[in-house]
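Engineer: Now for the letters of each chain:
Number of protein chains: 2
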Amino acid sequence: MPEKAFQDYYPEYYSHCYGCGNKNEHGLQVKSYWDGDEAVAHFTPEKHHLAFPGYVYGGLIASIIDCHSTGTAAAASYRREGRTMDTLPPFRFVTASLQVDYLLPTPLGPQLHLRSRVVEIKERKVVVETDLIVEGKKTARGRVVAVQLPDHLAPE
Amino acid sequence: MPEKAFQDYYPEYYSHCYGCGNKNEHGLQVKSYWDGDEAVAHFTPEKHHLAFPGYVYGGLIASIIDCHSTGTAAAASYRREGRTMDTLPPFRFVTASLQVDYLLPTPLGPQLHLRSRVVEIKERKVVVETDLIVEGKKTARGRVVAVQLPDHLAPE
Chain F
19 MPEKAFQDYY
29 PEYYSHCYGC
39 GNKNEHGLQV
49 KSYWDGDEAV
59 AHFTPEKHHL
69 AFPGYVYGGL
79 IASIIDCHST
89 GTAAAASYRR
99 EGRTMDTLPP
109 FRFVTASLQV
119 DYLLPTPLGP
129 QLHLRSRVVE
139 IKERKVVVET
149 DLIVEGKKTA
159 RGRVVAVQLP
169 DHLAPE
Chain G
19 MPEKAFQDYY
29 PEYYSHCYGC
39 GNKNEHGLQV
49 KSYWDGDEAV
59 AHFTPEKHHL
69 AFPGYVYGGL
79 IASIIDCHST
89 GTAAAASYRR
99 EGRTMDTLPP
109 FRFVTASLQV
119 DYLLPTPLGP
129 QLHLRSRVVE
139 IKERKVVVET
149 DLIVEGKKTA
159 RGRVVAVQLP
169 DHLAPE
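First to last, the protein sequences are chains F and G.
Read in the working numbering, the first sequence has 97 at position 79, and its numbers run on one by one without any break.
Read in the working numbering, the second sequence has 141 at position 123, and its numbers run on one by one without any break.
These aren't lab readings, by the way, just hints derived from the structure by calculation.
Among these hints, one or two may not hold up.
Intra- or inter-copy, both count: the list cannot distinguish identical chains.
[Claimed, not checked] Straight line, CA to CA, 30 Å or less: simulated DSSO-like cross-link-like pairs of lysine-lysine:
#	residue 1	residue 2
1	K143	K65
2	K41	K143
3	K156	K140
4	K156	K65
Given only the sequences and the hints, what does the whole structure look like? Please build it.
Structural biologist: Here's what the structure looks like:
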């Protein structure tokens, strides 16, 4: 049995996200996993996800960094409480701010690898830094400030 | 005849971008226009562009800010040289860094309005700040550092 991704533990209400919801059939379905203290995701863009011929669209890079980071924020919060991700209440983080630095053009074709570290963790706020690596080169760097979904936006 | 958008002046090679290329049939096809000294774009997300039920996916917001900003950087560079956008050589900017602050959840359904200002302009670097407005409320704020596409990535 393959390991379940962070996003596969999201309650149904939170599983429709275009970037990572496993119920969004039009979406990107980002899947994140622990690798020791880092969180990883692997993503192969579609041919139409280009900026110009041969290179990945920057908005796609921002999108996968975003979802991988909020997923990592949730997973890290369970870990901090000593809970597994199938326990209640669920953690669900949203993005307060997203910063992406594009260091090199990202070639379109090979699988992209995201590797994240939690650099700050509080009860309602988690900061995650991410490297985007393709063919051994770091082509982008992200920083996401994730905050717990406000109660008034959560389902009753 | 409706006014041509900034992106409709891009040479064919640059018209395949997932975010704004008018030749990318799978893409978002962001269209930007001058409104005085500000650049505007209007975009209505699809139903599947959600973060959770009722709200727009943050990665989509980052994507449309990104493309609207690089388009604005190009348009502003023509203006700076006193040229119209149908003259050569073409300007084409890519994103060096993208910052998005999500101020409020953005409701999914109504048209989104992007409104940008050029805050710094040099020959090869333009900084653009953008407000995302929906139903009269500013729900996100973006800042893009755009740089001219390096010569080695441009077509011969």
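Engineer: Determine for every hint whether it applies to the structure shown.
Structural biologist: Going through the hints against the structure:
With identical chains, the CA atoms of K143 and K65 are at most 30 Å apart between copies only, with a shortest distance of 29 Å across copies and 35 Å within one. Taking the shortest alpha-carbon separations for K41 and K143, only the intra-copy value of 26 Å comes in at or below 30 Å, while the best inter-copy value is 41 Å. Taking identical chains as interchangeable, the C-alpha atoms of K156 and K140 lie at most 30 Å apart whether they share a chain (28 Å) or sit on different chains (27 Å). For the identical chains of this complex, K156 and K65 are intra-copy neighbours only, at 21 Å inside a copy versus 34 Å across copies, given an alpha-carbon limit of 30 Å.
Hint compliance for this structure: every hint is met.
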